[in-house]
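Undergrad: Now for the letters of each chain:
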Amino acid sequence: MTEFTLWDIVRNLLLAARWTILLSLVAFVCGGIFGMVVLFLRTGRSQALRHIARGYIELFQGTPLLMQLFLCFFGLALVGLNVSPWVAASVALTLWTAAFLAEIWRGCVEAIAKGQWEASSSLGMGYVQQMRYVVLPQALRIALAPTVGFSVQVVKGTAVTSIIGFVELSKAGTVVTNATFQPFTVYGVVALIYFALCWPLSKASQTIERRLNAAHRHH
Amino acid sequence: MGYIFDFSSVLDYSAVLLKGIGITIELILVGGIFGVMLGILCAWTRSFGPKWGRWIVTAYVELIRNTPFLVQLFFVFFGLPTLGFRLSEMQSASLAMVLNLGAYSSEIIRAGIQATAKGQFEAGASLGMTRLQTFRYVVLLPSLQRIWPALSSQIVIVMLGSAVVSQIAVEDLSFAANFIQSRNFRAFEMYFVTTVIYLALSFLLRQLLTQLGNRLFARRAVR
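So the protein lines, in turn, are chains C and S. Just so it is clear: in the first sequence, position 70 is 70 by the numbering used here, and no numbers are missing. Just so it is clear: in the second sequence, position 90 is 90 by the numbering used here, and no numbers are missing.
Keep in mind that a hint or two might mislead.
Incomplete in silico selection of chain S near chain C, CB under 7 Å [stated by the list, open to error]: (1) 74; (2) 75; (3) 195.
Label-pair ranges, simulated between beta-carbon atoms [stated by the list, open to error]: (4) S/182 / C/107: 40 to 48 Å; (5) S/215 / C/11: 48 to 56 Å; (6) S/183 / C/11: 34 to 42 Å; (7) C/33 / S/127: 55 to 63 Å.
Read the hints as simulated data drawn from the structure, not as lab findings. Note that the coordinates shown come from a computational prediction; the quantities given were computed from them, not determined experimentally. For every residue, glycine included, the Cβ atom is placed at its ideal position computed from N, Cα and C.
Extracted from the complex, chain S is given alone in its bound form (with noise of 0.2 Å):
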């Protein structure tokens, strides 16, 4: 075989593909903040909501859960125009992400509050809170802090599902890797490193998310 490996001209576009890289964690944080916030609006809707709010989350979750994110993200960026909804590549993407995360993360956050003790609620109502202050005060943080290790893992699924925005051109690390292979012709080099880039990604984001956990569930006693 007569292959010789150069991955010194994969070097010679680091910047490139530093810009790529910026525009992933943008993309995440973007995408994992809002997106959490929407699934814990889904999961209360789910949970305590009134009946036609539940029907509509229920739908919402079992079609996003149900189709490709490259669907979805071509529905919302080629699709969207159609009704008058006309956004950028970034915008498409980060709203993509954040109705993908959203879906996933109130299935996740529901199980949470599931597991919420009924004295916890029964304790909520005896101090004169109101459910939404109950809500707020006594079920989210445990109900979150129960199920952050799965809440994690899924912002880093979506985080690698980010991959294929480079298909609408939002400009992020996966496209700085077709676009430097389709100037040097070193293909296999060029996802190579563009992997280990995601994996040492994926596994800072994990780390990153285990710090945040440790803080935000701190004072709390685990039970």
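Isolated chain C (complex conformation) (with noise of 0.2 Å):
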């Protein structure tokens, strides 16, 4: 029998660690810019569309991401696209993403003074160009901390993807695991990894927020 060092359980997590990451960035980036089209739509002048946009939003944050996972994964397959796991995973994960993005934004763009709109539409500017101009510019700066605090979400739920068999970080442990017979040495490395992952996220999104509230009281 093959003997295993803790390195060799460290290098195999750290290898499919990458995967973890790639799935973050891809889910985070294309989940943003959905996530903002969602949110023009929730806020925007049509009410049939802030209604999707909302019932989006509920139907996204009311489910598991481990159904919406399963139903990407099925889903697409009945339409006809051959779906590998990293595919569903990147759709399921993007899709879920983008719904809570929104609402994130969505309170930073309802958190502007009413009388910015208010001017901005004085001056002849249209929704698109109230929210480019005038609106948006002001509520980055409130988004900035919950958008890179829910970044931790995004790679935490990355984790799930494991179960419809995309080989990440989690199902790496697994895998090793089964090969080792060591889970808590080897779940321990796979939390402290995603520990190494998460936490200067939530630490940045701290720091940026006690920022902002400090410049905030000073005003």
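Take each chain as given, in its own frame, and dock them per the hints.
TA: Rendered as structure tokens:
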């Protein structure tokens, strides 16, 4: 029987962690772009589109990510697309991230004083112009901390994709455990790697929040 | 596209589904009640406890909040037996949920405690209450009231997160879905129905928590 050193375990897990990072980046970037679209629909002028966007957000916030993954995995196959776990995971995480980011950003947009909307409206700006030149630049400031904070949720969310067979850090943990029979060590290391990925993001979010609040107090 | 949807094959297994729903509800009841209790304990320790207690709680909270629930679950179920704690699937899932909610809720509750006016503590002290009594009778309930919406959301999030406990063979709702789709090969329909059930459960849980909040805080003037 092969003996596994701690380094063997750590090395294999670190190699798998690359996929966790890549999937997180894809989900966060694509989710951010799509989330911006949902935000525009959610805060826009058309009532029908607002309702649709709201329904979308509530659907994705009110159901488990695991179920969304399964539905993407099996649903995309139904419409004739040949999906790998990688594609299904990216699509599901993107949709999930978009819903949460849109809701976070909506709060930030609504925190902008009404006078700003009225002022820009009186300058003859349309909705998109108001958002682009007046509201979003200000909302971005308040949105930064919670957005960075949510990126932690995205990294942690990628763990669930192991269940549909995408080999990232958690799945690698299971595989390595089955080879080494050292679940305590392996899952301990897995947890530490996740911690190393997420903790700096959490701290950054807190720091940004504190800094912005400090700036606020001096006004 | 030649696929014909067949939801009737899902209904054939409604007994399995119902059992799964029951387990999911059981998990969130245990996880919710003990998780919030742990959260209150941790929030108290971090606000008023001894310095070493604060350190331990901070480390625990940071560790839980920065690792995925799935890994926590695997660590409890597969890892702890190495140390001699052998727990059943159900016990492991409950413990993982309690630990998870405990960490998140302690941060939420702590925010509520910090927002308590200083005069409240002084008023308690002037009535001859000990610090623990002041916390128990004066500070805690208004603090909970302040953060109740956030706490409710967190409990719903933990309920939705509990879908992954099927991975350690707890026979919850998502386990039922996996089981049934492996029998009738109607994966999409099965997960669709299950998703709708989860959506209904999260809606009901939110309603229930709102009602509970109204009850708990009924006699308090809203501040």
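Undergrad: Next, verify each hint and record whether it holds.
TA: Structure-based check of all given hints:
| no. | hint | in the structure |
| --- | --- | --- |
| 1 | 74 | holds, 5 Å |
| 2 | 75 | holds, 4 Å |
| 3 | 195 | holds, 4 Å |
| 4 | S/182 / C/107: 40 to 48 Å | holds, 41 Å |
| 5 | S/215 / C/11: 48 to 56 Å | holds, 55 Å |
| 6 | S/183 / C/11: 34 to 42 Å | holds, 40 Å |
| 7 | C/33 / S/127: 55 to 63 Å | holds, 57 Å |
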